[in-house]
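Undergrad: Chain by chain, the residues:
Number of protein chains: 4
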Amino acid sequence: MALMTPEQFEKSLEELNPRIFMNGEVVADVRENRNTRTVVEANKASYAWALDERYSDIMTCHSPLIDDRVNRYTYISASNGDLVKKAEAGTFTSEMLGTCIYRCVGYDAFHSLAATTWEMDRDLGTDYNARFLEYLRMVQKKDLSVAGAVTEPRGSRDEKTVDWDDPYLSLRIVEKNNEGIVVNGAKINISGAYASHEMVVLPQAAHYQGEEDYAVAFATPVDAEGITFVCQYTPYSAERDQVADMEELGNPLYGQRETSMVIFDHVFIPWERVFHCGEYPYSVKLVTRFARTHRMTCGGTCKVGFMNLIIGAAKLIQEYKGMEKASHIKEQLAEMVVLRETARACGMAAAHRGSEEPEGSGVFLPDELMGNVSKLNVCNAFWRVMALAGDIGGGLVVTMPSIKELKNPAVKDYVEEYLGFGSDVPTENVMKVTKMLQNWTAGLHGVGTWHGAGPVMAQKIMLQRVIDYERDKNRVKEILNIS
Amino acid sequence: MALMTPEQFEKSLEELNPRIFMNGEVVADVRENRNTRTVVEANKASYAWALDERYSDIMTCHSPLIDDRVNRYTYISASNGDLVKKAEAGTFTSEMLGTCIYRCVGYDAFHSLAATTWEMDRDLGTDYNARFLEYLRMVQKKDLSVAGAVTEPRGSRDEKTVDWDDPYLSLRIVEKNNEGIVVNGAKINISGAYASHEMVVLPQAAHYQGEEDYAVAFATPVDAEGITFVCQYTPYSAERDQVADMEELGNPLYGQRETSMVIFDHVFIPWERVFHCGEYPYSVKLVTRFARTHRMTCGGTCKVGFMNLIIGAAKLIQEYKGMEKASHIKEQLAEMVVLRETARACGMAAAHRGSEEPEGSGVFLPDELMGNVSKLNVCNAFWRVMALAGDIGGGLVVTMPSIKELKNPAVKDYVEEYLGFGSDVPTENVMKVTKMLQNWTAGLHGVGTWHGAGPVMAQKIMLQRVIDYERDKNRVKEILNIS
Amino acid sequence: MALMTPEQFEKSLEELNPRIFMNGEVVADVRENRNTRTVVEANKASYAWALDERYSDIMTCHSPLIDDRVNRYTYISASNGDLVKKAEAGTFTSEMLGTCIYRCVGYDAFHSLAATTWEMDRDLGTDYNARFLEYLRMVQKKDLSVAGAVTEPRGSRDEKTVDWDDPYLSLRIVEKNNEGIVVNGAKINISGAYASHEMVVLPQAAHYQGEEDYAVAFATPVDAEGITFVCQYTPYSAERDQVADMEELGNPLYGQRETSMVIFDHVFIPWERVFHCGEYPYSVKLVTRFARTHRMTCGGTCKVGFMNLIIGAAKLIQEYKGMEKASHIKEQLAEMVVLRETARACGMAAAHRGSEEPEGSGVFLPDELMGNVSKLNVCNAFWRVMALAGDIGGGLVVTMPSIKELKNPAVKDYVEEYLGFGSDVPTENVMKVTKMLQNWTAGLHGVGTWHGAGPVMAQKIMLQRVIDYERDKNRVKEILNIS
Amino acid sequence: MALMTPEQFEKSLEELNPRIFMNGEVVADVRENRNTRTVVEANKASYAWALDERYSDIMTCHSPLIDDRVNRYTYISASNGDLVKKAEAGTFTSEMLGTCIYRCVGYDAFHSLAATTWEMDRDLGTDYNARFLEYLRMVQKKDLSVAGAVTEPRGSRDEKTVDWDDPYLSLRIVEKNNEGIVVNGAKINISGAYASHEMVVLPQAAHYQGEEDYAVAFATPVDAEGITFVCQYTPYSAERDQVADMEELGNPLYGQRETSMVIFDHVFIPWERVFHCGEYPYSVKLVTRFARTHRMTCGGTCKVGFMNLIIGAAKLIQEYKGMEKASHIKEQLAEMVVLRETARACGMAAAHRGSEEPEGSGVFLPDELMGNVSKLNVCNAFWRVMALAGDIGGGLVVTMPSIKELKNPAVKDYVEEYLGFGSDVPTENVMKVTKMLQNWTAGLHGVGTWHGAGPVMAQKIMLQRVIDYERDKNRVKEILNIS
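Chains as they are written, first to last, in our numbering: chain C, 305 to 787; chain X, 305 to 787; chain A, 305 to 787; chain R, 305 to 787.
These are computed hints drawn from the structure, not numbers from a lab. Some clues are possibly wrong.
Identical copies look the same in the list; a pair holds intra-copy or inter-copy alike.
[What the hints assert, rightly or not] With a straight-line Cα cutoff of 30 angstroms, these simulated BS3-like cross-link-like pairs (lysine-lysine) come out: (1) K589 - K464; (2) K716 - K781; (3) K446 - K389; (4) K764 - K589; (5) K777 - K764; (6) K781 - K634; (7) K389 - K589; (8) K634 - K464; (9) K589 - K629; (10) K777 - K629; (11) K464 - K629; (12) K480 - K589; (13) K781 - K708; (14) K464 - K716; (15) K629 - K764; (16) K777 - K589; (17) K764 - K781; (18) K777 - K716; (19) K446 - K315; (20) K589 - K634; (21) K777 - K464; (22) K445 - K589; (23) K716 - K480; (24) K315 - K445.
Start from the sequences and build out the full structure, keeping to the hints where you can.
TA: Spelled out as structure tokens, the structure:
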């Protein structure tokens, strides 16, 4: 069987040597740095679940490509049933981790690449699809973790890409030769790529004739020469770097969604890993098919898992405080559940109503309208869930002392007494759950959720493109007997 | 085949003679009174669609009970696939009518009766289920329209039912004898029953020992002795009564959701039509199973159809006004679509996640959590859709002159010129679509949508009962290593 | 003293002979037609209050222009204190009437005309201000009711006014001569003008050179030759026309906001009543100063009075139903109060922060930013208040039978019993309050409130013009030590 | 004159020696610890502004109590004009600091103490008011910073205070003697007290007879024996502790709202500083008058200042990104302005409608209804502003690398190029403004704003107490002619 053990995964990272910087310093080993370690743990978990019979149905499936059982995150959905499973996997991984499963961007990019390389080959006679499938076969066989990279700095939206002063604000081809291509540019907001084996890269700013050099998609090992990762560094990063015992953190093992800028400084890509090169009318298709897939993921699946944790933590705090009967808290919890179930429903609907795209390709993508609806809803819902959970958590969510004070003899008894709310659970539990709520409601998740898979405006633009009003207009005309 | 033609349906009403009052006067024939006529038309359409091959898949299905094709609105769902079809039918009928399909309350009550009579028989050794199925067999064979009746005036919620000064504020048994029972009381807000053949009645206020007389469910012809219908009468009723040409109305043929109070003054019900009689612990099950079914209908299916019409009308007005490029209108239209698709998604999810209830009964009901979520969402969404459509429709939605002015030689030219917005469609079209928007945004639909299948608080109460927090709490504890 | 009695006002209408059509027929006397009568009653009340010592402080003030006490609705605010009184008057009249005080548009137009004629005279050497003040002096001395008219059909917003196929979609000058001007066009959505003595008219679509003929403001008697009123006709109009006893209506005496289209077909205006004629750069000032004044009125004052009534009615129904302890209803009532007080606060702030405009003119206008904020907030708040009141009112808000049934011997006892909810108040009271809630929540008020003084988009556009971000940007730069 | 210079203030802290712990360690000097230092800076600024002629009108006023100019934060409002100035000061300080002015809780507690001690003396013949005024005179003369402390851990809300297992979950008197009283207990969420001279303490849980020991209010130096501060420690604390150059932080000088638990372990309070002792019916008055005052502050004044900064930062980012023309961003900015101005309007209205309380006391408090409305609105508005600003800021708000990378030779050029968005401002500016947005939208402010001055439910409870419905009900009855 193709599946790696988690230990094999960790071991496999040893062989990679990506160039990484965080907070002004080099990260020599992603397994050692406390913040990059969280990404290693999250990806590692995905290997463990695949081998755990409790979860193997959701985390693995049979791939006709290699005729073997593979990790679902390397598999292209071929039916509505697959899409439903995909949605369920998104919820499962996020409620298990409390952070990103870093393989999901690559997983969704695979869908877009499968569909669009097939279409280019059909329309243009290229052989991208074969190349891509060969690559995917290797990924499945070796059970690799593959990150995805789309977002770019970009210049002024009022100007064409080719008119920007700095030609590298979108990633582009700077050289082509017999062996392959050389690219330059940067991707930003890239989730966890440095602790993956591979990265697939999609174009973002090729729109018009003359912008062929921006029309490029490819795969690369994360430690290819010329690639540099500059990691995010937030207050939460500082806290993890500084804390004595990681059990005192709001998400001890898996931490925050960790991202980085990825700079491509003259990076060589051999032809067999180039899946799109110059055919600019297909660039937007690569992006929108990725978005179509990823919006179901970010809107209707992974946030459902996060909300499970937020709701669970809020419920626990309600009980610890002896507020089980407080009707306003019960109502707030129910409001969170309504928002969560609405997200789940939209995700499910996107899967159930998904379709083969393009027809004949064998690739199934979620329903575009519903996927956008789910993401747009969740952008707002998540902030509301944060507000409600923050209410239930109380002021201590932002004012609590370090859990370390429980080991400080000078104040230990005070903290035990006064932050336990007279509850019969240990004060440490109260503080840990409050710390988890801090993590969810007083940190990176509101903005992160909003922008993941594109902000609200991106969904609105797509909605304008896909909504069909004709049917509704005609129904009105019939009822009113007008023409 | 069991199916009636629309003409047969209309003819069949001749044989019924319900006692009806509207606006202080008797309604001698439901087919003649302009307002009750709209109910006749809506029900009649349901017979036409069943025989129309374009719609027969959605409007009919095979019933094992009589081994024949029946109108779906007489059929008990026996699988998730049936529930999905049921949801689709709800959207279809409402977008065709622009008002209630008056058979849906009975349809949903059938589900509750099928499940709960089965359960009573299993638990108590009664034979209600056989009686009910015999009744349903007759309904299917004769292809009858069956209304449902649940809501009652009720007295103070702070007192028990048996403690109310007026014992008839909830419908109750006042006599039992060898032939059957005699009931007294009233049902309010009852949709369109007077133009149906039959009515099934569920209990609403039997909760405790001593309240057995309130624990009663049964079926009755609508013209049984002792039944009186006192119809709603709204500004829209007055308008329909008074208008010269019904084409000038916002929904010419099908009008508003028409309801009435139904008074039961010593009405006799023979035993073979009594499906629940004194077993008070099952009364609440009859109500909640009905609500569970009906909330999917009202929340996730029929309002989707209404929103189709509202969106279609708003889009037409945008075009008539030459505002196709106005980005704020495009965004408002898209917001309406998002609300509609969210409603649809929740309805679909309620169907897909529905389950057999009780296990072994063969009756499938929508998922209770999701059904409540869908209704709760739609309560708020519908008001928002009204606000948005009202914006696009413009002030004329409430200030427009009568369409009759187009035939008034004194002002015809003025109205033609100034209410056409310089558009190249006839001013009559502009006025008719505006009139339809008046119907949707300046009339009965906001409050009606809110209260149909119970107001928001009813959903909130049910959510408190069905949400399970244990799983979420446990996930949090695992992540935080606490117990 | 200049003030008319209400009887004198009614008498004065006899002398006017406006040309009016409603529902395809001529309205011979505004005092007789049931729907136009409501406007007469509302205006009449404004004369009564002015002479009622309980209300004279709010409804009258001293005018230096004629050195006498005048009705406040003929007075130009000359201080922030005046603006505060103006705001209070707006709330007072609307809570007394439950509908428009039809003199408010003229009142607000006076403010714009006073400011802008002064400015034109200062800038251009015209003598419009003197003309206008002379006119106003006459209005004050005779204590006339003066309506205002601004909104027009208009053509495509993507084209210039002069490029519209139909040159009359905005009102324009078609002739000038020694005696005056002749105008052609139409105004729509005009509140209650036909039962006023006079009408002041502002331009709406003169923007560019070449559009001078559209740059016109003037006053005219409502029965000038060539003026035709085509009245709105809604379901509520039909109901009033048809009802036996007007006490059965939701607002018995004052009814709905009644409007009409006003057609100007070659109407002659003598020079002394022309206040703007060709100076197109000042047209937009006339409109925006009117809007600035009217948005405080519609956003922060009159809707407060309406909400008082809605809240009062909802509270009564809560009590009639014996639901005083229901915490969700208490919370809904409080939410309505919060929305009302927020509206009041914004209106008050617009008055307190108002300023002389233009400097030196002596005319005080509300703060433009705050006025727009108040209207924008109320657009959304009013729909929410409708939803909440509709919830408390219950399904009967849209399903109640005619109150006439209480006099129908066949069903009287049933209705008495079952719609009284076991309350000890007469069922008639329950039904009347429910009918009032129908008026507020199932009729014209949502759309009407939204569009009065311009829809949300109009406020958003104005906000873009008046918000100043520089101060906030500079504060950020200082804190961050950047330049 | 009574006013200290900022240098004198800093010097004065030397003489205090409070017992403070943070993150498991002792804080020897509040001026040295990086996190407590931010509180010193904020309070210090309040001394500087008082002496700065640009701000002295807002930051100082004449106190009749000592017949001298005093810092406004030591002054009791004696008119609506004073309340308006108080509101303006709240906005001014918060937009200057970007964090709490830590003197405001004490300032608001002074208002409550002045009113309630006056009332107790009048009703009970005590002499608390004289004591309090003597104390306040000293505060004004010495120009002291005085913090306030109200919130307590408290036990189960379903039990009476005296029935809690742990009697110290609310602060209480444990001894009384000739010199004074001894108190035990804790206050939580206390803003910045350790860098003030004094602290005034109000009761929170004395409600019934038998709970006299919990009915206690007093003043104390912050370094009285038995007082221990256990400081909050958040990710933002860790970041400040760890950063190389504080200019890289989102609010370099003034940081976050810093709070602590304050433990009172047998703290002695001499009688002349005891202002309430056992008179339990007045405890709730002390709390509600404080809340009434503080809700205007937190709802309608200081958040306005914060929103100024958020709006300014979002506007700058829009410009840096070359998105000035993006209409959706313009609209989002305007939405933030609307929320800000609504908050301002409610605060202003609370001041303008404030009243003397109790009558005759000379103490003016904001309008209770409007104060609660303003806080309740802002709880929701602030989260929305965060969401909008987070949208405009982009994903980098949570994914940006450390600003330190600009000094890292290995990646400096990459970061300069790719995070500058092709803008002509230095990349450092873009990063600093983004970092400020991180501070506002991805940190402590949502939850902090919600809970400051009590969460939404506290406002809702108070609204239930103060709303008067009688007037509205009567108006409805008059219109409907019912009694």
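Undergrad: All hints are to be evaluated individually against the structure, with a verdict given for each.
TA: A quick look at each hint next to the structure:
With identical chains, the CA atoms of K589 and K464 are at most 30 angstroms apart within one copy only, with a shortest distance of 18 angstroms there and 38 angstroms across copies. Proximity of K716 to K781 under the C-alpha cut-off of 30 angstroms is restricted to the inter-copy arrangement: shortest distance 23 angstroms between copies versus 74 angstroms within a copy. For the homomeric pair K446 and K389, the shortest alpha-carbon distance inside one copy (22 angstroms) is at most 30 angstroms, but the shortest distance between copies (44 angstroms) is not. Only within a single protomer do K764 and K589 lie at most 30 angstroms apart by alpha-carbon distance; the minimum there is 17 angstroms, versus 35 angstroms between protomers.
Taking the shortest alpha-carbon separations for K777 and K764, both the intra-copy value of 21 angstroms and the inter-copy value of 29 angstroms come in at or below 30 angstroms. In this assembly of identical chains, the alpha carbons of K781 and K634 lie at most 30 angstroms apart only when taken from different copies (20 angstroms versus 46 angstroms within one copy). In this assembly of identical chains, K389 and K589 lie within 30 angstroms of each other by CA distance solely inside one copy; the values are 24 angstroms within and 34 angstroms between copies. Taking the closest pair of Cα atoms, K634 and K464 come within 30 angstroms of each other only across two copies (22 angstroms); inside a single copy the shortest separation is 52 angstroms, beyond that limit.
In this assembly of identical chains, K589 and K629 lie within 30 angstroms of each other by CA distance solely across copies; the values are 25 angstroms between and 53 angstroms within a copy. Within a single copy, K777 and K629 get their C-alpha atoms only as close as 50 angstroms, which misses the 30 angstroms cut-off; across copies the closest is 18 angstroms, which meets it. In this assembly of identical chains, K464 and K629 lie within 30 angstroms of each other by CA distance solely across copies; the values are 15 angstroms between and 59 angstroms within a copy. For the homomeric pair K480 and K589, the shortest alpha-carbon distance inside one copy (23 angstroms) is at most 30 angstroms, but the shortest distance between copies (61 angstroms) is not.
For the identical chains of this complex, K781 and K708 are inter-copy neighbours only, at 19 angstroms across copies versus 69 angstroms inside a copy, given an alpha-carbon limit of 30 angstroms. Taking the shortest Cα distances, K464 and K716 sit within 30 angstroms of each other only across copies (27 angstroms), while inside one copy they are farther apart (62 angstroms). For the identical chains of this complex, K629 and K764 are inter-copy neighbours only, at 15 angstroms across copies versus 41 angstroms inside a copy, given an alpha-carbon limit of 30 angstroms. Proximity of K777 and K589 under a CA criterion of 30 angstroms is satisfied intra-copy only: 29 angstroms inside one chain copy versus 39 angstroms between copies.
Taking CA atoms no more than 30 angstroms apart as the test, K764 paired with K781 passes inside one copy only; the shortest distance there is 27 angstroms, against 32 angstroms between copies. In this homomeric assembly, K777 and K716 come within 30 angstroms of each other (Cα to Cα) only across copies, at 27 angstroms, whereas the closest approach inside a single copy is 69 angstroms. In this assembly of identical chains, the alpha carbons of K446 and K315 lie at most 30 angstroms apart only when taken from the same copy (13 angstroms versus 67 angstroms across copies). Taking the closest pair of Cα atoms, K589 and K634 come within 30 angstroms of each other only across two copies (23 angstroms); inside a single copy the shortest separation is 45 angstroms, beyond that limit.
Proximity of K777 to K464 under the C-alpha cut-off of 30 angstroms is restricted to the inter-copy arrangement: shortest distance 29 angstroms between copies versus 36 angstroms within a copy. When the C-alpha separation of K445 and K589 is checked against a cutoff of 30 angstroms, the pair qualifies only within one copy, where the shortest distance is 28 angstroms, while the shortest distance between copies is 54 angstroms. Within a single copy, K716 and K480 get their C-alpha atoms only as close as 66 angstroms, which misses the 30 angstroms cut-off; across copies the closest is 28 angstroms, which meets it. Taking the closest pair of Cα atoms, K315 and K445 come within 30 angstroms of each other only inside a single copy of the chain (17 angstroms); across copies the shortest separation is 70 angstroms, beyond that limit.
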